[in-house]
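A.B. asks: Okay, here's what each chain looks like letter by letter:
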Amino acid sequence: MGDKPIWEQIGSSFIQHYYQLFDNDRTQLGAIYIDASCLTWEGQQFQGKAAIVEKLSSLPFQKIQHSITAQDHQPTPDSCIISMVVGQLKADEDPIMGFHQMFLLKNINDAWVCTNDMFRLTLHDLLSARHSRCFLLPPLPNTITTPPDALNIMHK
Amino acid sequence: MGDKPIWEQIGSSFIQHYYQLFDNDRTQLGAIYIDASCLTWEGQQFQGKAAIVEKLSSLPFQKIQHSITAQDHQPTPDSCIISMVVGQLKADEDPIMGFHQMFLLKNINDAWVCTNDMFRLTLHNFG
Numbered sequence: 001m002g003d004k005p006i007w008e009q010i011g012s013s014f015i016q017h018y019y020q021l022f023d024n025d026r027t028q029l030g031a032i033y034i035d036a037s038c039l040t041w042e043g044q045q046f047q048g049k050a051a052i053v054e055k056l057s058s059l060p061f062q063k064i065q066h067s068i069t070a071q072d073h074q075p076t077p078d079s080c081i082i083s084m085v086v087g088q089l090k091a092d093e094d095p096i097m098g099f100h101q102m103f104l105l106k107n108i109n110d111a112w113v114c115t116n117d118m119f120r121l122t123l124h125d126l127l128s129a130r131h132s133r134c135f136l137l138p139p140l141p142n143t144i145t146t147p148p149d150a151l152n153i154m155h156k
Numbered sequence: 001m002g003d004k005p006i007w008e009q010i011g012s013s014f015i016q017h018y019y020q021l022f023d024n025d026r027t028q029l030g031a032i033y034i035d036a037s038c039l040t041w042e043g044q045q046f047q048g049k050a051a052i053v054e055k056l057s058s059l060p061f062q063k064i065q066h067s068i069t070a071q072d073h074q075p076t077p078d079s080c081i082i083s084m085v086v087g088q089l090k091a092d093e094d095p096i097m098g099f100h101q102m103f104l105l106k107n108i109n110d111a112w113v114c115t116n117d118m119f120r121l122t123l124h125n126f127g
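Just so you know, the sequences run in chain order A and B.
The letter at position 80 of the first sequence is residue 80 when you use full-length UniProt numbering, and the numbering goes up by one with no holes.
The letter at position 17 of the second sequence is residue 17 when you use full-length UniProt numbering, and the numbering goes up by one with no holes.
Don't read these hints as lab results, they were simulated from the structure.
From the three backbone atoms N, C-alpha and C, an ideal C-beta is built for every residue, glycine too.
One should not assume that every hint holds.
[Unchecked claim] Not the full set, but computed from the structure, chain A residues with beta-carbon under 7 Å of chain B: (1) CYS38; (2) THR40; (3) ILE82; (4) MET118; (5) THR122.
Construct all of the structure, not just a fragment, from the sequences and the given hints.
C.D. replies: Next comes the structure, spelled out in structure tokens:
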């Protein structure tokens, strides 16, 4: 198959590390951010490592589990790495929900830090929340489905 | 309410322009990319304006309509703008599908171009 490009290695390594930290002890996430980092969490903006860690630590769940469906990585012209993740998560006993997240990684003093982070639940697909009570297993690959009443969601 | 930050104005203006072009005549999208641009479309990589426009022009649908559910914009340390979009789309008579897309915008010679673009359908959702 050949080696993956370096940005893909760094990006996927970061992704794995991020969600492992998040799921096990998200108060430890501070190390990946700097004072110039920005987080947009469900549309709310947070600036700087301290504010970001405070937001993530205060999220109202005890247990959280992320499952990654797909991840993409690219190098940027300014020698950064941009990563996009789509997946599902389960918080406490809530239904499984879809999410997507974007990270911009920058190498500062030989360490890759996250300068930009954006997180959104996939909330236009209301049926994924309702039906997800039935699905406690990780997502299957290559599963394509669209709920029949998606048309009603489109015409809000 | 106050003025929106400049990166949000530029980002949302780009988003509006991009999907309007895409839905009406996606062969015109070349102007927003440069030779250094990267596109990842459903996991496939494309490098450079020509390859990107070829990919987008050859997508197998005639009609396409995007509907944006949410968009977020941030400034980056290198004076770029990063934008993330979640929405739904309908291609020809196919069922509506969820998608999300990410753009990195850079100002080159007073014009904002897209250097990085990633698109994914939201395919893990069960019905």
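A.B. asks: With reference to the structure, classify each hint as holding or not holding.
C.D. replies: The hints, checked one at a time:
no. : hint   : in the structure
1   : CYS38  : holds, 5 Å
2   : THR40  : holds, 4 Å
3   : ILE82  : holds, 5 Å
4   : MET118 : holds, 5 Å
5   : THR122 : holds, 6 Å
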